[in-house]
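Engineer: Please build the complete structure, drawing on both the sequences and the hints.
As a plain string of letters, each chain reads:
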Amino acid sequence: AQSVSQHNHHVILSEAASLELGCNYSYGGTVNLFWYVQYPGQHLQLLLKYFSGDPLVKGIKGFEAEFIKSKFSFNLRKPSVQWSDTAEYFCAVNAQGGTYKYIFGTGTRLKVLA
Amino acid sequence: DAGITQSPRHKVTETGTPVTLRCHQTENHRYMYWYRQDPGHGLRLIHYSYGVKDTDKGEVSDGYSVSRSKTEDFLLTLESATSSQTSVYFCAISDPNGRNSGNTIYFGEGSWLTVV
Numbered sequence: 001a002q003s004v005s006q007h008n009h010h011v012i013l014s015e016a017a018s019l020e021l022g023c024n025y026s027y028g029g030t031v032n033l034f035w036y037v038q039y040p041g042q043h044l045q046l047l048l049k050y051f052s053g054d055p056l057v058k059g060i061k062g063f064e065a066e067f068i069k070s071k072f073s074f075n076l077r078k079p080s081v082q083w084s085d086t087a088e089y090f091c092a093v094n095a096q097g098g099t100y101k102y103i104f105g106t107g108t109r110l111k112v113l114a
Numbered sequence: 001d002a003g004i005t006q007s008p009r010h011k012v013t014e015t016g017t018p019v020t021l022r023c024h025q026t027e028n029h030r031y032m033y034w035y036r037q038d039p040g041h042g043l044r045l046i047h048y049s050y051g052v053k054d055t056d057k058g059e060v061s062d063g064y065s066v067s068r069s070k071t072e073d074f075l076l077t078l079e080s081a082t083s084s085q086t087s088v089y090f091c092a093i094s095d096p097n098g099r100n101s102g103n104t105i106y107f108g109e110g111s112w113l114t115v116v
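Protein sequences, first through last, are from chains H and C.
Start counting the first sequence at 1; every next residue gets the next number (the working numbering).
Start counting the second sequence at 1; every next residue gets the next number (the working numbering).
Keep in mind that the hints were calculated from the coordinates and are not lab data.
Don't take each hint at face value.
[Said to hold, decoys possible] Among the chain C residues that face chain H by a calculated CB cut under 7 Å, a handful are: (1) 31; (2) 39; (3) 42; (4) 43; (5) 54; (6) 64; (7) 103; (8) 104; (9) 105; (10) 107.
Keep in mind that this is a model prediction, so the values were computed, not measured.
Yeah, the Cβ is synthetic: ideal placement off N, Cα and C, and Gly gets one too.
Structural biologist: In structure tokens, the structure reads:
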């Protein structure tokens, strides 16, 4: 069955620390991969996406993610976090070919201490 | 942000009453979705639509119905609201044939529903 695993459920960092959030997926075909951020009381907003080309993708707010096909991973990184990055982060996968089905991870709550 | 508008944004209703949530998009995306988000359960798909009058069930469709009479509007109806349907409801859109979109799914701002 298709699945997305986000291993870190809660992460606490101090400002300026580096961030890496893990995302592994289980799917046998070609996929589109996404990271979304949800600030408290708000909706999911797209941070970045990968669907082809350079496996290192850069998104908004200084985030980047690397697709490693052999590891079925799409980890999110940021070199130096800010207090304003406090939010919940969701990884998602969608099979290429135009399907409706998106599999979301359970989310990682990030708290950044000022 | 994608042009998605949900209404109402907040609603409190009584058990047993019908409730309709509306999602309106200005992106002409083919697919529209209703998800609910609950602590400990993440995002769960209720229903989705792949065109006008074309809808199908998601993983938690019991107690919900949907309609899509126009490309831009997707309605979610709780026929008889129960306390277990207290949740945040997100509408979303995607277009698998959109150029350079990577079939990205975009979310509306959410509708907070409380059933008392």
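Engineer: Does the nearest C-beta of chain H fall within a distance shorter than 7 Å of the C-beta of residue 103 (chain C)?
Structural biologist: 5 Å, holds
Engineer: Measuring from the C-beta of residue 64 (chain C) to each C-beta in chain H, is the shortest one below 7 Å?
Structural biologist: 17 Å, violated
Engineer: Can you verify the interface hint for residue 105 (chain C): is its Cβ closer than 7 Å to any Cβ in chain H?
Structural biologist: This interface hint holds because 5 Å falls under the 7 Å limit.
Engineer: Given residue 107 (chain C) as an interface hint, is the shortest Cβ-Cβ distance to chain H below 7 Å?
Structural biologist: The hint holds - residue 107 (chain C) has a Cβ within 7 Å of chain H, the shortest such distance being about 4 Å.
Engineer: Against chain H, is residue 54 (chain C) within 7 Å by beta-carbon distance?
Structural biologist: Where the cut-off is 7 Å and the nearest Cβ of chain H is about 11 Å from residue 54 (chain C), the hint is violated.
Engineer: For the hint on residue 104 (chain C), does the least C-beta distance to chain H fall short of 7 Å?
Structural biologist: 6 Å, holds
Engineer: Closer than 7 Å between Cβ atoms is the bar; does residue 39 (chain C) clear it against chain H? Give me holds or violated.
Structural biologist: Result: violated, 10 Å to nearest chain H Cβ.
Engineer: Should the interface hint for residue 31 (chain C) be scored as holding, given a Cβ-Cβ cut-off of 7 Å against chain H?
Structural biologist: Holds, about 6 Å.
Engineer: With chain H as the partner, please determine if residue 43 (chain C) meets the hint condition of a C-beta pair closer than 7 Å.
Structural biologist: 5 Å, holds
Engineer: Would you check whether residue 42 (chain C) satisfies its interface hint, that is, whether its CB is within less than 7 Å of any CB in chain H?
Structural biologist: 5 Å, holds
Checked against the numbered hints above, the structure violates hints 2, 5 and 6; every other hint is satisfied.
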